Each structure stands twice: as structure tokens, then as C-alpha cells.
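Order-wise, the sequence lines are chains A and B. Position 124 of the first sequence, counted from 1, bears residue number 124 in my numbering, the numbering being contiguous throughout. Position 126 of the second sequence, counted from 1, bears residue number 126 in my numbering, the numbering being contiguous throughout.
Simulated from the structure, these hints should not be mistaken for laboratory data. Here the structure is a predicted model, which is why all the values come from computation and not from measurement. Please note that the accuracy of each hint is not assured.
It does not matter which identical chain is used: a pair holds within one copy or between any two.
[To be verified] Computed list of lysine-lysine pairs in DSSO-like fashion (alpha-carbon distance at most 30 Å, straight line):
1) Lys103 / Lys50
2) Lys116 / Lys86
3) Lys116 / Lys41
4) Lys89 / Lys66
5) Lys60 / Lys103
6) Lys41 / Lys140
7) Lys41 / Lys138
8) Lys90 / Lys66
9) Lys90 / Lys60
10) Lys41 / Lys103
11) Lys40 / Lys66
12) Lys140 / Lys90
13) Lys40 / Lys89
14) Lys50 / Lys40
15) Lys103 / Lys140
There are 2 protein chains.
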Amino acid sequence: MNQDTNTAIYTISVAADILGISIHTLRMYEREGLILSYRKKSNQRLYSQKDLERIVCIQKTINEDKINIEGIRRVLALLPCWAIIKCSKKDRENCEFYSSHTKPCWMINHTNNICKDRNCRDCDVYQSFGSCDSIKNKLKDLLT
Amino acid sequence: MNQDTNTAIYTISVAADILGISIHTLRMYEREGLILSYRKKSNQRLYSQKDLERIVCIQKTINEDKINIEGIRRVLALLPCWAIIKCSKKDRENCEFYSSHTKPCWMINHTNNICKDRNCRDCDVYQSFGSCDSIKNKLKDLLT
DNA sequence: GAAAGTTGACATTATCCAATGTTAACTTTT
DNA sequence: AAAAGTTAACATTGGATAATGTCAACTTTC
Numbered sequence: 001m002n003q004d005t006n007t008a009i010y011t012i013s014v015a016a017d018i019l020g021i022s023i024h025t026l027r028m029y030e031r032e033g034l035i036l037s038y039r040k041k042s043n044q045r046l047y048s049q050k051d052l053e054r055i056v057c058i059q060k061t062i063n064e065d066k067i068n069i070e071g072i073r074r075v076l077a078l079l080p081c082w083a084i085i086k087c088s089k090k091d092r093e094n095c096e097f098y099s100s101h102t103k104p105c106w107m108i109n110h111t112n113n114i115c116k117d118r119n120c121r122d123c124d125v126y127q128s129f130g131s132c133d134s135i136k137n138k139l140k141d142l143l144t
Numbered sequence: 001m002n003q004d005t006n007t008a009i010y011t012i013s014v015a016a017d018i019l020g021i022s023i024h025t026l027r028m029y030e031r032e033g034l035i036l037s038y039r040k041k042s043n044q045r046l047y048s049q050k051d052l053e054r055i056v057c058i059q060k061t062i063n064e065d066k067i068n069i070e071g072i073r074r075v076l077a078l079l080p081c082w083a084i085i086k087c088s089k090k091d092r093e094n095c096e097f098y099s100s101h102t103k104p105c106w107m108i109n110h111t112n113n114i115c116k117d118r119n120c121r122d123c124d125v126y127q128s129f130g131s132c133d134s135i136k137n138k139l140k141d142l143l144t
């Protein structure tokens, strides 16, 4: 029985070691809205295998594709979450993200709509970027 | 009777003067796929008022929003042209862009589909970025 | 025919920024 | 109690890159 790739097991220093980067970088990516880490009750970060893959993907985008962090954030901000999780007209009206375009939805505090009780880390929207293929594929799915 | 803002009247040096940038920059933006200039039969570039607005928009995105050129190109590459101009299944199959995600559609040579005879400069897809508001609005229109 | 346009290549410059280091004050884990 | 985690602020560094400049060979406009 394999360990679930979704289970957060690595502490920040272990994750940094595996990835060959510094813990600063991991915290920066999170501060910049590119990743969300799992937090224990004590607020300690933990990373899953899937998290690591996402981070590798981000590194590739920065170092090989040469898109800067602000650019990546804007691309992520284009994910049409409302269509992905199928939120209602009312939900959209109560969503700060729906009329914004500089930050991904998971960087916004949702207090008054369908996302209130959802965990962004587990959400399809956040995970659209996880496998390193373009979010364009997501758009293709959604647009006939 | 006002001059049509779509009419290309400024040569590159005049446009550069008006914008306060060098002609090199204008050519670079074009080489990078951010803009398309009108060309006379002799291949000389001409710019319209609308072109200038688009360029101001690009400058803002680079200098104020701090997205680098590769980032802008990727954002533009996310425009779902197939949904905007409503091309057929066959058109999509014959479209190099549909399965690419690094370049805007207008950077790709269309030889075998609906875009073959279209002028990208006049196309809704290219002009989605013209007014400096996000292409997210375009996605909102398209995704209910 | 002079001025301004074209492409392409190569160089430079000034700025920016991703990544890391360091320190401080504190909390949690082991 | 030591090791490792947390946030926050500030500094540094190395490399990238947006923007210009220049030169060459040529064409078009005026």
C-alpha cells in the first residue's frame, strides 16, 4: 500500500532539502500566492508529494520558461473558478475575486459564499496547475 | 468628422516620438508578439491611435504591474480564440495554436483553417487586450 | 538624392528580481 | 533543553532583461 501522494508529511526543511532550494524560497512562493502549504494546528508547514511536484513545476516555469512570479500569479488569476466549481450568481456577487484579476482566488478571503467552507488546497481550481500542463487545457475543457 | 482611431497613420518614428520610447522598443514588442503593426505594401510599419493605446497598455503592464514580456505573452496565449471566433472542430484540428500554449494565436501562421484569410490585426482575439482591461472579462463573457 | 524606412546582428546599460543569508523574538517538537 | 519550526525585517548577490545604441546593407518616401 503506497503512501498517498496527497498526504502532507514533509516539514519545510525536509522539503527544501529534497527540492534543493532554501526554505526561504518555499516561504516566498507561498507569500507570493503560488502555493498553499498544509498547516498543522501549530501552524507548522507540511508538504505532500503532490506539493513538491507543483513546486517543481513552478521552478520550471520561472527558470526555463522565464515567466516571472508576477506573470505566473496573473496566469493563475485567470483560472475561471466560478465555472470550475460552478458557483451561483449570488456566490459570484459575493465574491471579491470575480471582479479582480491580479490574484488567484485562493489568495482572497472568502467569507460570504460557496468557498467559505472549502479548503482551497483541495480545490480543483488550485490544483489545475499541479501537473505542470497549461491551464489552457482547463479552458479547453470548459469552452466546448 | 473625426479621424478613425483605427486608421494607421503614424510611422514608426512618429509613434515612438508620441510614446516617448525608441523605435527599437516598438520593433521589439512586435518581435515578441505583443503587437501587430499595419504594413504598407512596401513593408513600412504604420500605427493607429488604437495601436498607441495598446502599446501604452503594454508599457503599464511591464513597468507598473511588473509582468515580464514572457509573462504577458503567456497571458495573451490563453485567449480562447476558438471560442471567440467560433471556429469549427475541423478548424481546431487544423490549428497549430489549439494545442500550443506559449504563443498568442496571431504569432502562428494559419494556412489551413478559418484564420487563413483573416487579418489578425482586425480580429476580436487580438483586440481583446486593446483597452487595458483584463482578458478575464473576455473569459467572463464566454463562461456564462 | 537625401531622409526615413526596413531587417539583422551585436553591444551596452541600468534596473530589476529571484534566491539566499542574517538577525531577532518567539513557539513547537522531540 | 536543544532542535526545528514560526513571522518579520533588512541586506546581499548574481543573473536576467527591458530598453537603447550602433553598424551594415538595403528599400522606400519625399
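Structure-based check of all given hints:
Proximity of Lys103 to Lys50 under the C-alpha cut-off of 30 Å is found in both arrangements, the shortest distances being 22 Å within a copy and 28 Å between copies. Within a single copy, Lys116 and Lys86 get their C-alpha atoms as close as 14 Å, which meets the 30 Å cut-off; across copies the closest is 36 Å, which misses it. Taking the shortest Cα distances, Lys116 and Lys41 sit within 30 Å of each other inside one copy (19 Å), while across copies they are farther apart (58 Å). Proximity of Lys89 and Lys66 under a CA criterion of 30 Å is satisfied in neither setting, with 37 Å inside one chain copy and 33 Å between copies.
In this assembly of identical chains, Lys60 and Lys103 lie within 30 Å of each other by CA distance both inside one copy and across copies; the values are 21 Å within and 17 Å between. Neither within a single protomer nor between protomers do Lys41 and Lys140 lie at most 30 Å apart by alpha-carbon distance, with minima of 38 Å and 37 Å respectively. In this assembly of identical chains, Lys41 and Lys138 lie within 30 Å of each other by CA distance neither inside one copy nor across copies; the values are 33 Å within and 41 Å between. With identical chains, the CA atoms of Lys90 and Lys66 are never at most 30 Å apart, being 39 Å at best within one copy and 33 Å at best between copies.
Neither within a single protomer nor between protomers do Lys90 and Lys60 lie at most 30 Å apart by alpha-carbon distance, with minima of 38 Å and 33 Å respectively. For a Cα distance limit of 30 Å, the shortest separation of Lys41 from Lys103 inside one copy, 26 Å, qualifies, whereas the shortest one across copies, 44 Å, does not. Within a single copy, Lys40 and Lys66 get their C-alpha atoms no closer than 33 Å, and across copies no closer than 34 Å, so neither meets the 30 Å cut-off. For the homomeric pair Lys140 and Lys90, the shortest alpha-carbon distances inside one copy (26 Å) and between copies (15 Å) are both at most 30 Å.
For a Cα distance limit of 30 Å, the shortest separation of Lys40 from Lys89 qualifies neither inside one copy, at 34 Å, nor across copies, at 48 Å. When the C-alpha separation of Lys50 and Lys40 is checked against a cutoff of 30 Å, the pair qualifies only within one copy, where the shortest distance is 17 Å, while the shortest distance between copies is 53 Å. Taking the shortest Cα distances, Lys103 and Lys140 sit within 30 Å of each other both inside one copy (22 Å) and across copies (16 Å).
When held up to the earlier numbered hints, the structure conflicts with 4, 6, 7, 8, 9, 11, 13 and fits the remainder.
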